[in-house]
Amino acid sequence: MAKVAYYPGCALNERSSHLDRSARDATEILGFELDELESWTCCGAVPPVSKERIMNLIAPSRILKDVRDSGRDMLITICDFCYNTLKRTNFSIRNDDIIRKRVNAFLADDTPSRTYLEEDTTPWSDYEGEVKVVHLMEYLRDELGYAEITKKLKRSLKGLKIAPYYGCVMLRPFDEIQLDNPENPTIMEDFVRALEAEPVKYPYRTECCGSYLSVSSPDASTRLCYRILSSAMKNGADAIVVSCPLCFYNLDSRQKVVLDAYPDFKTIPVFYFTQLLSLALGVETDRQGFERHYVDVSPALEKIGNSGEGDKA
Amino acid sequence: MYKKLGLDPPCSPPILLDRTKVRGEFGLQVDELSGQHLYACYQCGNCSSGCPLAQEMDILPSRIIRLAQLGQKEEIIRSNTIWICASCFQCTVRCPKGIDIQAVMDTLRQIALDEGVDHFGPDQIDSKHAAEVPQPGLVGVYRKLST
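As they're listed, the protein sequences go chains A and G.
Using our numbering, the first residue of the first sequence is number 5, and each one after it goes up by one.
Using our numbering, the first residue of the second sequence is number 2, and each one after it goes up by one.
Source of the hints: derived by calculation from the structure; they are not laboratory data.
In this text, a Cβ means the ideal position worked out from N, Cα and C, and glycines have one as well.
Check the hints yourself; a few may be wrong.
To be verified - DSBU-like mimics (lysine-lysine), calculated; alpha carbons at most 35 Å apart, straight line: (1) Lys136/A <-> Lys98/G; (2) Lys129/G <-> Lys238/A; (3) Lys22/G <-> Lys129/G.
Stated by the list, open to error - For each label pair, taking beta carbons as the anchor points, the in silico distance ranges come out as: (4) Lys105/A <-> Gly25/G: 29 to 35 Å; (5) Thr148/G <-> Arg231/A: 38 to 44 Å; (6) Pro123/G <-> Glu288/A: 35 to 41 Å; (7) Pro123/G <-> Pro267/A: 30 to 36 Å; (8) Ala41/G <-> Phe269/A: 30 to 36 Å; (9) Pro97/G <-> Gly149/A: 35 to 41 Å; (10) Asp194/A <-> Arg79/G: 44 to 50 Å; (11) Cys45/G <-> Met5/A: 39 to 45 Å.
Build out the structure end to end from the sequences listed, making use of the hints.
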């Protein structure tokens, strides 16, 4: 089985472990393994404030350099924040000579294997941005191909109307991420179609859900989430699909608060894209961690007729 | 007048310009720290119209840029705009002049933080909430809104 280096990041390691598990289940069926790095640290979650703050680039650069040093040239992440941070760091190292030199000056100092210089025959190779950082969804689209997923489907999600929610950092800033069109993306719609479900287009799919404001200004985040969720429902969605742990937290758990603030609001189930993928590939419902969702997902599951044992052969 | 919270249009107070501030170093300092060319902005307002959080702000993003061009540091670091910005990059991808407005906001936040107290600290979040939020949210908020 093909192995691809995999950086889970802090959220997937603990508070969103159901995203991690469903991704591992699904990729195993699709014929490749997410090979978690032997050691990794926090990537820093947000890219540095300005070019002067070189310190904020060190943690992601160290992760990328470790991948390169272990002889691999591709790194998969799932969390959108990790993806954004790692990819933008890589972009800076590739395109900015000064940043590359300064980062490598730091990295050279903290590599423990460099203490016995005489015996060390490996060259002092600077990290120059060789690793390609890919989102799992990007890997499925470009390396595996969505057609491959459709071939391996065990359950069709036919009849389910799914609203993809992109959020902010998965697509933007476009110059550095280059994943898809930032104003009219299609990567998630195509993914939903590959699972034979029907994608729902709605105007708020790339609008911010408030991100970390749910910690510092929760009311602002509540209003944003209400706009996004009600817009998706107005356009006929049965469920929302996200890829980011923070989007999931805001759109799922915040529905509790939205319900209190807006009496006309009805809840809508939120899924991680990996949960839908592994469900469609035949993984049992009880392995998806649905009990950790605030909103009951069973109305959506009933629509595809696999809340119980009624699986398609 | 529609009084629902968060739907009042933001209005900036009138400011008095004086030569020392307008000709001062503040605009250049922001330029240098953010790596952007602030004076390219011609006030089309695309950033403000696309900003999902514009309704929560007291000064619109495009006006923040104008204030920075005019060296109005006090106005900017006293506004809530820089703390409400969620760094979603909507303005950055839409700016017709190619200014990375998010980088400018980050820089302004940093200048404000260098001036004084943190906007948000660990004591301002209740422990039950902190135990639920995914870590990128916590790390993000402390990196953006505190020193």
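These are the hints, each one checked on the structure:
Distance check on the hinted pair: Lys136/A and Lys98/G sit about 29 Å apart at the alpha-carbon level, within 35 Å; holds. Restraint check: the Cα-Cα separation between Lys129/G and Lys238/A comes to about 33 Å, which is no more than 35 Å; the hinted pair holds. Taking the CA atoms of Lys22/G and Lys129/G, the gap is near 46 Å; set against the 35 Å cutoff, the hint is violated. Taking 29 to 35 Å as the suggested C-beta distance range, the pair Lys105/A and Gly25/G conforms, at roughly 33 Å.
Taken as a hint, the range 38 to 44 Å is violated for the pair Thr148/G and Arg231/A, whose Cβ atoms sit roughly 32 Å apart. Between Pro123/G and Glu288/A the Cβ separation comes to about 40 Å, which falls inside the hinted range of 35 to 41 Å. Between Pro123/G and Pro267/A, the C-beta spacing of about 34 Å keeps the proposed range 30 to 36 Å intact. Separation of Ala41/G from Phe269/A is about 42 Å and departs from the stated range, judged on CB atoms against 30 to 36 Å.
The hinted range of 35 to 41 Å is satisfied by Pro97/G and Gly149/A, whose Cβ atoms lie roughly 36 Å apart. Range check, Asp194/A to Arg79/G: about 46 Å between beta-carbon atoms, so the 44 to 50 Å window is met. The supplied range of 39 to 45 Å is broken by Cys45/G and Met5/A, whose beta-carbon atoms lie about 52 Å from each other.
Checked against the numbered hints above, the structure breaks hints 3, 5, 8, 11 and satisfies the rest.
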